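Novice: Sequence:
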Amino acid sequence: MVKSLRGMNDILSEDYERFTYFINTATDVAQKYGFHFIETPLLEETALFKRSVGESSDIVGKEMYQFTDKGENDVCLRPEGTAGVVRAFIQKKLDKAGGVHRFFYHGSMFRYERPQKGRLRQFHQFGVESFGVDSVYEDATMIMMTSDILKRCGIGYRLQLNSLGDQNCMPDYKANLVKFVTECKDGICEDCVRRLDTNPIRVLDCKNDKCQTLYEGAPKLLNSLCDGCESDFTKLKKILTDNGIAYEIDTNLVRGLDYYSKTAFEFVSDNIGSQSAIAGGGRYDRLVEFLDGRPTPAVGFAMGIERLMELIVMPESKREGYYIGAMDEEAIDLVVRLTQEKRGSQKVICEFKAKNLKNHLKGADKINAKFCCVIGTNEIKDGTIWVKDLESKSEKVILLKDF
RNA sequence: GUGGGAUUAGCUCAGUUGGUUAGAGCACUGGUUUGUGGUACCGGGGGUCGCGGGUUCGAAUCCCGUAUCCUACCCCA
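Heads up, the final residue of the first sequence is numbered 403 in the numbering used here, and it's a clean run with no missing numbers.
There's no promise every hint is true.
Simulated crosslink set (DSSO-like; lysine-lysine; CA at most 30 angstroms straight-line) [to be verified]:
{"#": "1", "residue 1": "Lys237", "residue 2": "Lys62"}
{"#": "2", "residue 1": "Lys388", "residue 2": "Lys318"}
{"#": "3", "residue 1": "Lys388", "residue 2": "Lys347"}
{"#": "4", "residue 1": "Lys207", "residue 2": "Lys237"}
{"#": "5", "residue 1": "Lys62", "residue 2": "Lys50"}
{"#": "6", "residue 1": "Lys238", "residue 2": "Lys185"}
{"#": "7", "residue 1": "Lys355", "residue 2": "Lys370"}
{"#": "8", "residue 1": "Lys347", "residue 2": "Lys318"}
{"#": "9", "residue 1": "Lys318", "residue 2": "Lys370"}
{"#": "10", "residue 1": "Lys353", "residue 2": "Lys393"}
{"#": "11", "residue 1": "Lys151", "residue 2": "Lys185"}
{"#": "12", "residue 1": "Lys210", "residue 2": "Lys238"}
{"#": "13", "residue 1": "Lys62", "residue 2": "Lys151"}
{"#": "14", "residue 1": "Lys401", "residue 2": "Lys347"}
{"#": "15", "residue 1": "Lys388", "residue 2": "Lys366"}
{"#": "16", "residue 1": "Lys220", "residue 2": "Lys50"}
{"#": "17", "residue 1": "Lys117", "residue 2": "Lys50"}
{"#": "18", "residue 1": "Lys32", "residue 2": "Lys92"}
{"#": "19", "residue 1": "Lys393", "residue 2": "Lys358"}
{"#": "20", "residue 1": "Lys362", "residue 2": "Lys388"}
{"#": "21", "residue 1": "Lys117", "residue 2": "Lys93"}
{"#": "22", "residue 1": "Lys396", "residue 2": "Lys353"}
{"#": "23", "residue 1": "Lys401", "residue 2": "Lys370"}
Across the chosen pairs, the derived CB separations fall in these ranges [what the hints assert, rightly or not]:
{"#": "24", "residue 1": "Thr198", "residue 2": "Lys93", "range": "28 to 36 angstroms"}
{"#": "25", "residue 1": "Arg158", "residue 2": "Lys353", "range": "13 to 21 angstroms"}
{"#": "26", "residue 1": "Lys3", "residue 2": "Gln167", "range": "53 to 61 angstroms"}
{"#": "27", "residue 1": "Asp172", "residue 2": "Thr198", "range": "17 to 25 angstroms"}
Calculated directly from the structure, the hints in this document are not laboratory data. Given the structure is predicted, the values throughout are model-derived calculations rather than measurements. Ideal Cβ positions, reconstructed from N, Cα and C, are used throughout, including at glycine.
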C-alpha cells in the first residue's frame, strides 16, 4: 500500500473542522486589524531563504527540501512564510511606493526534521507581516492580535518577551558574549561549542545544567541595549500592561531566524509537550534591505496550526440542514428533485434508499440534521411532505409547493 | 541526526510460561410484525496480529532487520 510520506499528514473529518475553524477565526481577527490576505508560492529560489533566514540557522543549514528543477534552478519548498511575503512586497515595488502595508497568510511549510508531537515535515502556519510602521505600538498590536486569536479559540498561553537589540547594540553584545563563552570553552557542552560558531546567542538557552552554571555571569542582552532599543522595550511593556496583556521577560529568548531585531516574543503552551511554542514573532527592520528593497521597518508573527489544533475549544455543534428520504420506491425520484431545489438555499442530505420512518429518523439524527423530511404513500396521494423538527420534536405535513 | 517505548478489527485495547478456527467495547450494518430518532434487546460483516527474515513439530507471543508512530534531546511554529 502506498502511504503518505513521513511527517506529512492528511487533514480530514474532525481535524478539518478544527483546522477551518481556526483559519476562519484567525482570518476574522486579522481583517478586523486591517490586514489583507496574501498568497505566495510554495516553491521559491533557495537563495531567498539563505539570505533571509540565514545560512547559520538549522532551518536553512539542514532542514530544507531543496532540489534542482528541470530548468536547472536551485529551488526549495518554503520552510517559513516571512521570506516569501517580503520578496513579494519588494517585487511589487511596495517598498518604493511607501506607506503602510499589512498582510496575513496561511499555508503549508516544509522542514525535513525528525517528526514528533507538534512537529511535522509538512505543517501549517498562519502568519501576519506589517510593513512601513516604525512604531513600537505596531509591535504591541501584533502581540495583542496574537492574543486575540488565541483567546477567541479558547487557548491558554504564556507570553515571553525579549529585545534582541539592533545593529547599534547587537554586534557589540554578540562579541562580548562570544568572548565570555570562549573563555570558559573547556567546560561547555558539545552543542554549545557548535553554537559558538553558528548562532552564539543560542548558548543562553542551553538545557545543560553545567553550561547554565558557567553562563551565570555572562553578559545579559537586556543590559546591553542601546538607548533607542531600551526605551522602545520599556514602552512596549507599558503598552501591554495598559492593555491587560500579561507577559514574562525572558532574557534568553532568541529567535531561530537571523532576521529578527528589537522586539522578540513567543507564545507558549504548557499543555502540548516539548514543542511548546505555539506562536512567535518580532521586528525585522533590516530584512527588506537585505533582500534588495528600500529600507522598510517591519514586524510580524506566525502561529503553528497543528500545535494549536488540540488546544482549540470548538463551539458546540448545532443541528443544521435537512434530511430528505422516501418510504416508497416510487417517491425516490420526487425526493431527489426536491433535494436539488432545496439546495438553492439550504444544506440538504438525500437518502436514495426507501426505508421505513424509523430508519429515516435514525439516519437524520445521525447526520445531525435539524429537519427530517419524508414522503410515503399518504404524502404521495396528497401531494404533501412530512417534516419533523428534530430539536423541538414538532412535526407537520405541508403541501409540496410550500416546502 | 542521537536515545527510550510502542505497533493486534474503522477506533480504544485484551490475548495467561509459544499450542486448535485471535477476542471485547465502541463504530458500521440489519432486525425487534409494516409511519416516529438520540437510549434497550438480538443478529451480521470486518483482522495474512506493521512489513521482511530467522528459531521451532507449531509464532500475535522468542530473536534479527526494517518502516511508522509516540517520547526525550536537538530545533522551532
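Novice: Hint by hint, note whether the structure agrees.
Specialist: Right, here's what the structure says about each hint:
Only pairs whose Cα atoms come within 30 angstroms are accepted, and lysine 237 paired with lysine 62 is rejected, the gap being roughly 36 angstroms. The suggested pairing of lysine 388 with lysine 318 holds, with an alpha-carbon distance near 16 angstroms, which does not exceed 30 angstroms. At roughly 16 angstroms between alpha-carbon atoms, lysine 388 and lysine 347 fall within 30 angstroms of each other, so this suggested pair holds. Of the supplied pair hints, the one linking lysine 207 and lysine 237 holds, its CA atoms being roughly 27 angstroms apart against a limit of 30 angstroms.
About 12 angstroms separates the Cα atoms of lysine 62 and lysine 50, which keeps this hinted pair within 30 angstroms; it holds. Using a Cα cut-off of 30 angstroms, the hinted pair lysine 238 and lysine 185 is violated, with the two alpha carbons roughly 39 angstroms apart. Restraint check for lysine 355 and lysine 370: satisfied, since their Cα atoms lie roughly 19 angstroms apart, inside the 30 angstroms limit. Straight-line distance between C-alpha atoms of lysine 347 and lysine 318 comes to about 13 angstroms, which keeps the hinted pair within the 30 angstroms bound.
With a C-alpha separation of about 8 angstroms, the suggested pairing of lysine 318 with lysine 370 holds against the 30 angstroms cut-off. Between lysine 353 and lysine 393, the direct Cα distance comes to roughly 24 angstroms. Compliance with the 30 angstroms bound is thereby established for this hinted pair. Under the criterion of a C-alpha separation no larger than 30 angstroms, the hint pairing lysine 151 with lysine 185 is inconsistent with the structure, at around 44 angstroms. Taking the CA atoms of lysine 210 and lysine 238, the gap is near 36 angstroms; set against the 30 angstroms cutoff, the hint is violated.
Proximity of lysine 62 to lysine 151 is assessed by CA-CA distance (about 35 angstroms); at most 30 angstroms being required, the pair is judged violated. A C-alpha spacing of about 19 angstroms is found between lysine 401 and lysine 347, which places the hinted pair at or below 30 angstroms, so the restraint holds. Under the criterion of a C-alpha separation no larger than 30 angstroms, the hint pairing lysine 388 with lysine 366 is consistent with the structure, at around 15 angstroms. With a C-alpha separation of about 28 angstroms, the suggested pair lysine 220 and lysine 50 falls inside the 30 angstroms cut-off, and the hint holds.
Distance restraint check for lysine 117 and lysine 50: the Cα-Cα separation of roughly 27 angstroms lies within the 30 angstroms cut-off, and the hinted pair is therefore satisfied. Annotation: proposed proximity of lysine 32 to lysine 92 holds, straight-line Cα distance about 24 angstroms (limit 30 angstroms). With a C-alpha separation of about 14 angstroms, the suggested pairing of lysine 393 with lysine 358 holds against the 30 angstroms cut-off. Annotation: proposed proximity of lysine 362 to lysine 388 holds, straight-line Cα distance about 12 angstroms (limit 30 angstroms).
Taking the CA atoms of lysine 117 and lysine 93, the gap is about 40 angstroms. The hint is violated against a cut of 30 angstroms. At most 30 angstroms may separate the alpha-carbon atoms for a hinted pair to count; lysine 396 and lysine 353 meet this at roughly 23 angstroms. Using a Cα cut-off of 30 angstroms, the hinted pair lysine 401 and lysine 370 holds, with the two alpha carbons roughly 20 angstroms apart. Under the hint 28 to 36 angstroms, the C-beta atoms of threonine 198 and lysine 93, about 35 angstroms apart, fit the expected range.
Judged by the Cβ atoms, the range 13 to 21 angstroms given for arginine 158 and lysine 353 is violated: they are separated by roughly 54 angstroms. Judged by the Cβ atoms, the range 53 to 61 angstroms given for lysine 3 and glutamine 167 is violated: they are separated by roughly 48 angstroms. Checked against the hint of 17 to 25 angstroms, the pair aspartate 172 and threonine 198 passes, with Cβ atoms roughly 20 angstroms apart.
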